[in-house]
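Trainee: The lines below spell out each chain.
4 protein chains.
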Amino acid sequence: MSAISFSSVCFHSAHNWNNPKEFGKLRKQQDGKLLVKCLSKSGNPISQNAVRVGILGASGYTGSEVIRLLANHPQFGIALMTADRKAGQPISSVFPHLSTQDLPDLIAIKDANFSDVDAVFCCLPHGTTQEIIKGLPKHLKIVDLSADFRLKDISEYEEWYGQPHRAPDLQKEAIYGLTEVLREEIKNARLVANPGCYPTSIQLPLVPLIKANLIDIKNITIDAKSGVSGAGRSAKENLLFTEVAEGLSSYGVTRHRHVPEIEQGLADVASSKVTVSFTPNLIPMRRGMQSNIYVYLAPGVKIEDLHQQLKLAYEDEEFVAVLENGVIPRTQSVQGTNYCLINVFPDRIPGRAIIISVIDNLVKGASGQALQNLNLMMGFPENLGLHYLPLFP
Amino acid sequence: MSAISFSSVCFHSAHNWNNPKEFGKLRKQQDGKLLVKCLSKSGNPISQNAVRVGILGASGYTGSEVIRLLANHPQFGIALMTADRKAGQPISSVFPHLSTQDLPDLIAIKDANFSDVDAVFCCLPHGTTQEIIKGLPKHLKIVDLSADFRLKDISEYEEWYGQPHRAPDLQKEAIYGLTEVLREEIKNARLVANPGCYPTSIQLPLVPLIKANLIDIKNITIDAKSGVSGAGRSAKENLLFTEVAEGLSSYGVTRHRHVPEIEQGLADVASSKVTVSFTPNLIPMRRGMQSNIYVYLAPGVKIEDLHQQLKLAYEDEEFVAVLENGVIPRTQSVQGTNYCLINVFPDRIPGRAIIISVIDNLVKGASGQALQNLNLMMGFPENLGLHYLPLFP
Amino acid sequence: MSAISFSSVCFHSAHNWNNPKEFGKLRKQQDGKLLVKCLSKSGNPISQNAVRVGILGASGYTGSEVIRLLANHPQFGIALMTADRKAGQPISSVFPHLSTQDLPDLIAIKDANFSDVDAVFCCLPHGTTQEIIKGLPKHLKIVDLSADFRLKDISEYEEWYGQPHRAPDLQKEAIYGLTEVLREEIKNARLVANPGCYPTSIQLPLVPLIKANLIDIKNITIDAKSGVSGAGRSAKENLLFTEVAEGLSSYGVTRHRHVPEIEQGLADVASSKVTVSFTPNLIPMRRGMQSNIYVYLAPGVKIEDLHQQLKLAYEDEEFVAVLENGVIPRTQSVQGTNYCLINVFPDRIPGRAIIISVIDNLVKGASGQALQNLNLMMGFPENLGLHYLPLFP
Amino acid sequence: MSAISFSSVCFHSAHNWNNPKEFGKLRKQQDGKLLVKCLSKSGNPISQNAVRVGILGASGYTGSEVIRLLANHPQFGIALMTADRKAGQPISSVFPHLSTQDLPDLIAIKDANFSDVDAVFCCLPHGTTQEIIKGLPKHLKIVDLSADFRLKDISEYEEWYGQPHRAPDLQKEAIYGLTEVLREEIKNARLVANPGCYPTSIQLPLVPLIKANLIDIKNITIDAKSGVSGAGRSAKENLLFTEVAEGLSSYGVTRHRHVPEIEQGLADVASSKVTVSFTPNLIPMRRGMQSNIYVYLAPGVKIEDLHQQLKLAYEDEEFVAVLENGVIPRTQSVQGTNYCLINVFPDRIPGRAIIISVIDNLVKGASGQALQNLNLMMGFPENLGLHYLPLFP
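Chains as they are written, first to last, in UniProt numbering: chain A, 1 to 393; chain B, 1 to 393; chain C, 1 to 393; chain D, 1 to 393.
These are computed hints drawn from the structure, not numbers from a lab.
All values reported here derive from a predicted model rather than from experimental measurement.
The reader is advised that the hints may include incorrect statements.
[What the hints assert, rightly or not] Here are the simulated DMTMM-like cross-link-like pairs (lysine to aspartate or glutamate), alpha carbons at most 25 Å apart as the crow flies:
#1 187/C to 118/C
#2 236/A to 84/C
#3 218/D to 305/C
#4 236/C to 237/A
#5 218/B to 84/A
#6 218/B to 237/A
#7 138/C to 111/C
#8 273/B to 318/B
#9 273/D to 216/D
#10 86/C to 324/B
#11 141/D to 111/D
#12 311/D to 105/A
#13 311/B to 105/C
#14 86/B to 268/B
#15 311/D to 102/A
#16 236/C to 304/A
#17 218/C to 216/D
[Stated by the list, open to error] Sample of chain D residues facing chain B (criterion: CB under 8 Å; computed from the structure):
#18 134
#19 136
#20 172
#21 229
#22 235
#23 284
Every residue gets a Cβ at the ideal spot worked out from N, C-alpha and C, and that includes glycine.
With the hints as constraints, model all of the structure from the sequences given.
Mentor: Below, the structure is given as C-alpha cells:
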C-alpha cells in the first residue's frame, strides 16, 4: 500500500481523490514525517500508538464537543471523562444525544487514574481550573479550555477575574494556543491555554495586518456577535429560550473578560500596548460567532493590501480561509467546523476598512482548536479528527 | 363627564389612573386643544370626526402592521385596502392571522374610490410609488412608507436607486417624517416621507448630539442589526427559514440604500456633509433592530454629557426613552411597540462613546411612526392607537 | 355623547365603523345592560368605577402578560404587584421591557394592603397558592391562574400534585373559568380557577361535540404542542435556548398534570368518566399552543356535523372562531391575542375526524382568559382590554 | 498492518478502541468478507477501488447533504455534480458553506459524461426524475431520492402525483431502500428508490410490530413533526423565516403524498391493506423529524412486548436504537446523524401504546440512508461515511 493513497484515508479526504488540484494541496501539508507518524510502525496504529485522552469537565458544551470531534479521530481514544457533580452517571444522562455511543461513565476527578492517560482536555470553569491542573501528573499533555492560563500577566488575571492567580509557575509554562500564530511553540508545549472564542475570531484577521504594519493599532473597533452556546450550559434566567429567542442584546459593554486576552495578543505583535473597543452581542442562535472589525489603514495602505496580506498569511492554512473579493462570510458556513472565514471590505469613510471574520464558537473558538493543538502536541497532523463540512441547513 | 377623565379613556391609559406621577405626564402631553379635537363637538366622535383611511399595498408586512395598530385606534377607520395582485380576495387569504377581523376585501388601486377617503398609508415598493402618489387626489393626506420621497436631492435618488425620480415636484413638497425631530413640519404636511428603519434608529440618538456639537461627525461607525421582516415578504431563497435560522450575516456592506438617508439627516443638523460607516447585519429573528454607534467625543466632552443631552432632548417624548446609566437596551423590550430605547456607554478607548438604540423595525421603524405622523397630520395626539406594551416573551 | 358612539370607543373597535356588517355584530354582543355597565352613572368611569387590581406573583410570565393586557383596559388599574423574592424592586429590574411604564414597585405579599384593592390575579406557583388565597380578605374577587383550584375532587389533586389540598372549602366555592362554557357561573363567582392552557385548547372544541353526542368519548387521542413560555420563567437547564432551539420533544408522556383537568371537563359534559390519550410536545417557539385531536364519530355522524355544531356553538362568541372548511388554524394567527381558532378535518380512516385548535398559551391559555373572567366577575363586557390583533410576523 | 486494526480506521471508530464492549459490537458487524471488500487487493484502495459518484441535482438540500457526508467517506469520491439552472457555476455560488472545499463545478445533466462514473445519487424533483433515470447508462448504480420509484403500483403514483408514470419498467426493477428492512434486496439492486423521511420514521418502528402481530393495523394514528428543510430549498412565501418562525402548523391534513408510501410499506408486512391516519406538522427548526404513533395493542399484548420486539428487531443495527424504558427520544439527539431513535410508552387508555421515533429528515430521512444504501450496493459496509455524532447544541 502506497503512502500517498493511505494518506487520503488517514485524512478522510476521499472526495478529493479525483481532483488533481486538491492532491497538490494535500501533499503540501503532509510531509513524509507526518505520514510516518500517522501510519507509524507497520502494525496497529490504534492499539499501539493511539493517544489515550481524558476529558475533564465532560458535562458542559465544550466537553461534549470534544467527544463529537473525537468520534472521527483515527488516533485518539477517550480513556476517561470526569464531571464531579454527575460522577457515576452514564454520559447519556447528561447528554442524551450521546446515548448511542459506547463511552465510559462519568467519574469524579479525584477518582481518575491518570496513569493510563496521555493527554487531557480540561473543560472546567475558570478559577478552579488552576488548582486542578496544578495537581495533575506531569506526564500529561494538557489543553486547557478555560481562561485560567491565557493571560501572561497574572496581575491582569487578578484584575479581570477578581482573585489572585493560584498557579503562577504553570502560567509561565503555558503556551497560548492560537494555532496558526504559535504553531511551533505549541508543538513543544506541555500545557496549552486554548484561546477564547472572541479572541480567536479577532486575532486571526488582525495579527497578520498588525505584523505587516498595515493598520492603525490605536483605533480598532470590534462589534462581535455570538451564539448562545458561548455562555455555556448553566441554568440562568437570561439564557432561557423565552428570554433569548426573537431578540438581540449587547452585553458586557466595555468590560467583557475577553478584552485583556484580545489586547495581549495584538500587543504581542504590535510590540506596544493596544487598547481596543470591543462590544459583544448575544444572537438568537445556538452556535456561531462573527466579528466585524472597523480599522484605520496605515498611511498609504489600500484595502487591497489588507486582502493580499491576509491571503498570503493564510494561503497554506487548512482552517483559515480568506474569501474572494466581495464575498461576505456567514456563520452558517462554518457551523460544526474548525474553519475561520475572513474578508476585508472598503469602508465609506476613506482610509478605513471593515474586516469580517466568522467561526463556530464551539469548534475553532473552543474544542476544535483544542484538538488542533493536541494533535500538534502529540506529533500528529493538526487536522486529524477535524474533517467536518458545515451542517447546513 | 369631565374632560380629564375621558382623556384617559381616549389615551387608553386607564392603568395609570391610580398613579399621580403619570397624571402629570399625561397632562403635559395633552393641551386643551388636543382634548377638544379628540372628543370634539359633543356627540359622536367616531361617526363625525373619524378619519377614513386607505392602505395602499396591504399585502406586505408594513401594510398588515398598519392594520394591527389601527385596531385600537379610536379615530381612524379603514375605508379601503389595495393589493393589485390579490385584488378581489379577502385579506384573510393573504394574512390568515386577520381572518377574525371584519375588514374590506382587497381591491386594485385603479378601482379605489378615494372620494370617501381622508388619508392613505402608502405601503408600496419604491420606484412605482412615485407615479402612484402623483396620481392620487389632492385632498388626501399621505404617509409614504417607501423610500421614494426620503431623499431631498433627486440626483442622489437616481444614484442609489438606479432610475431618475419621476415626481420631483412632489419631492419638494414632501416632509421627512422623523416625528420627534420634525414634528411641527409634519403637522402641516400633506405628504410625509416616512423614514427607513435603520435611519430612524440612528438619527434619533445622533441628531441631538450633533446639534449640541458633542460628537465628531467625521468618525461615526454604525454596526446595525435587523430582524428578517425588514426585508419584506417577497419569496427569496436567502430569506427562507432554512437559510436564515441559526446564523448571522452582514449584508450590503458599504452600500446599503439607507446610507444616503442617514447621512442626509445628520448633515441637516451638522450643516455640513457627513459620511458614516454603516454595516447592517441580518439576525435570525422576525422583528427588532439595534444600532451600535461608535463615536468620538468632541474635545472636552464627557460620556455623561451625551447621556444628559439625550435625556434632555427626549424628556417630554412618549416614544423615545433614554435608559438609566448602565442599562443596556434590548430589542425584546420594544417588540410590537413604537418605542425607541437609547443609552450611552463609555468606550475602552478614551475620548470615545458607544451608543446603543433599539426599535421594532415594523413599528417605530415603519408603520408605527407612520401612524404617529398621520395622527399629527390630522390634528390628533400623536400617540393614538400606539398604546401597546411589548409582547414578551 | 350617545351610548352607541361611546361603546365603540369602549370596545376599541373604531376600525369597524365604516363596515355595516361589523356594526351588526357589535350590536348583537352589546346589549343595553352591558353598555350601561361600561359607561355607568354619568360621570367619571375611571375614577369612580374603576377596578383596582392587584397582581400576586408579577415576576413570572403570566403576571407580566396581565400587565401587558391591562395597558389597554379602560376600567382596570393596577393598584399593587407582589413578588416576594423581588420585593422592593421596580418591575423594570425583573422585566426590562416594562421600563417605559409607570407601574408600582414590587412588594411582598405580606406587605400588601388589600383594603384599596377590588380584585386580584393570582399568578403564583401551585401548592403555595392555596394558603395564600385562604388568607386573602373576603371582599376580593380572585382569578387564580395556578392549578390549585381546578380539580373539584381534592383526592385527585392529592394524587397528581403529591400533597393534600389545604383549602378544601375554598375548592368547593371555586368556579372553573372556561369562559365560553361556564360564563354565567363565572359572573357570580368570587374565586375563579383559571383553566390550564392545554385544557383550554382541548375543551373548547370537544365540549360542544360531546354535549351533542357527536363523538365517541372512549377514544380521544390528543397530540398537543406548546411554546416554551408554557413552562414558565424558572431557570432550568432543559429550557435553555441552547437545549430547546432547533429541536422538538415530547414530555410528560401519559402523565402530564393537565390530564385530570382535561378529563374532568369532558366528563362533566359527558356525564360519565372520560379517559383521554394526551401527549404534549415542546416546540422551539416562545408562545403558541396547538392541539391535534383525533376522534371517532358517533354512529351516523358526519364530519360536516361536527363543523356545523362547532359553528353553532361559537357563532356569538368573540374569542372562539371556527374556520371555514379546509382552512388550517396556525398558532401564528393568535399570537398575543385571546382567540381560539378551531377547525375539523376528515381522517383517512373512515368514521374518524381530526380537530385542530390553536391558542396563545399565555393569553387565552392564561392571562387573557383570566382577564376575560375578571371582566365578567366585575360586571363588564368580557372583551375589555382584549382587543389585540396578532403580532405577525 | 493487520486487517483488524485497519478496520477501525476504516470505520472511524478510534474512540472505541479502549472499550471492550464496543469491540465486540464492531466485530459482529464486520465479517471477513466486508473487511476484504473495504481493504481490497493489497495496495491502493482509493485509486483502484474507489467509487466515482455523481450527484444529480446538487443545488438542493439533499444534494448538499450527500456532499457533506461524502467528505468523510474513505471509498467514494465525487466525480461530477449537476444542476441544470446553475450549470457552469462553482458549488460555492449555490452553497457558500462549501466554498472551502475543492469540488467540481456544476454542469448540466446533458453535459455529464457518465463513462467515468460508477454510481449516482439522484436528488432531482419528482416527476422529471423518471425520464432522467430512464436515460442514464445501464452500468450506473442509482439511488433515487425523489418519490418517483417508491410506489410499486403505478396507478397509485398517478393518483397522488397527478400524472401517469413514465418509466413503468424501471419501476418494476426498483428496490425500496428502507435499509434495515430490505437490506438483502438492496445489496443486489441497480436502482434503489430511497424512502421518504416520514415513511422512514414511521415504518422503522411499525414494521417489526406488525410483522409480529403485536398491534391492530386498523387504528394507527400518526402525528408527525418535521423541520423546515423537509420542504426543500424553493423560494416560497410560506417557507420564509418571517412566516415560519415562532409558530407551528399542520399541513397536508389527510392528503400528504407520503401516505401511500407509508401504507404500502405497512401493507407489505401485514399482507393486507392498511389505512393510517397521518397528520404532518411544520416545526420552526431547520432539521429533525418526530413521529408520534398511537396504536392499539393486539389482544393479550403488553407494552413491554412491543419494547422487547423492537429491541430484538434492532439489536444488531447500528443506526436504529431502541431507548431504555421511559427515555423520550428527542430530535436534537439525531441532528446531523443517520440514527433513528425509538421508544414505546403506555397510553392512558388501556390497550393502547404510544410510539415515538425521531430521525434527521435530511440524513436517515434522505441523504444518509441513500449513502447507507449505496454502500451496500457497492459491496461496502453500510456505515462508511456515516460516523457522525449529533451536532449539539
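Trainee: Does each hint hold? Answer for all of them.
Mentor: For each hint, the structure was consulted:
Restraint check for residue 187/C and residue 118/C: the C-alpha separation of about 15 Å stays at or below 25 Å, so the hint holds. Only pairs whose Cα atoms come within 25 Å are accepted, and residue 236/A paired with residue 84/C is accepted, the gap being roughly 19 Å. Between residue 218/D and residue 305/C, the direct Cα distance comes to roughly 24 Å. Compliance with the 25 Å bound is thereby established for this hinted pair. Simply put, residue 236/C and residue 237/A have alpha-carbon atoms about 8 Å apart, close enough for the 25 Å limit, and the pair holds.
Distance restraint check for residue 218/B and residue 84/A: the Cα-Cα separation of roughly 55 Å exceeds the 25 Å cut-off, and the hinted pair is therefore not satisfied. Using a Cα cut-off of 25 Å, the hinted pair residue 218/B and residue 237/A is violated, with the two alpha carbons roughly 41 Å apart. The hinted pair formed by residue 138/C and residue 111/C meets the criterion: a straight-line CA distance of about 17 Å does not exceed 25 Å. Distance restraint check for residue 273/B and residue 318/B: the Cα-Cα separation of roughly 31 Å exceeds the 25 Å cut-off, and the hinted pair is therefore not satisfied.
Between residue 273/D and residue 216/D, the direct Cα distance comes to roughly 12 Å. Compliance with the 25 Å bound is thereby established for this hinted pair. Between residue 86/C and residue 324/B the alpha-carbon distance is near 19 Å, which keeps this suggested pair within the 25 Å criterion. Restraint check for residue 141/D and residue 111/D: satisfied, since their Cα atoms lie roughly 19 Å apart, inside the 25 Å limit. Of the pairs offered as hints, the one joining residue 311/D and residue 105/A holds, with about 23 Å between alpha carbons and a cut-off of 25 Å not exceeded.
For the suggested pair residue 311/B and residue 105/C, the alpha carbons sit about 23 Å apart, so the restraint of at most 25 Å is met. About 40 Å separates the Cα atoms of residue 86/B and residue 268/B, which puts this hinted pair outside 25 Å; it is violated. Between the alpha carbons of residue 311/D and residue 102/A the distance comes to roughly 17 Å, so the proposed pair stays at or under 25 Å and holds. For the suggested pair residue 236/C and residue 304/A, the alpha carbons sit about 49 Å apart, so the restraint of at most 25 Å is broken.
For the hint pairing residue 218/C with residue 216/D, the CA-to-CA distance comes to about 17 Å; that is within 25 Å, so the pair holds. The closest approach between the C-beta of residue 134/D and any C-beta of chain B is roughly 30 Å, which is over the 8 Å cut-off, so the hint fails. Of the supplied interface hints, the one on residue 136/D is violated, with its beta-carbon coming no nearer than about 28 Å to a beta-carbon of chain B, more than 8 Å. Here the hint on residue 172/D is broken, as its CB sits about 36 Å from the closest CB of chain B, past 8 Å.
Restraint check, residue 229/D versus chain B: the minimum CB separation of about 5 Å is within 8 Å; hint holds. For residue 235/D, the interface hint holds, since its Cβ comes within 8 Å of a Cβ in chain B; the closest pair sits about 4 Å apart. This hint holds: residue 284/D has a C-beta 7 Å from the nearest C-beta of chain B, less than the 8 Å allowed.
Taken one by one, the earlier hints fail for this structure at numbers 5, 6, 8, 14, 16, 18, 19 and 20, listed in ascending order.
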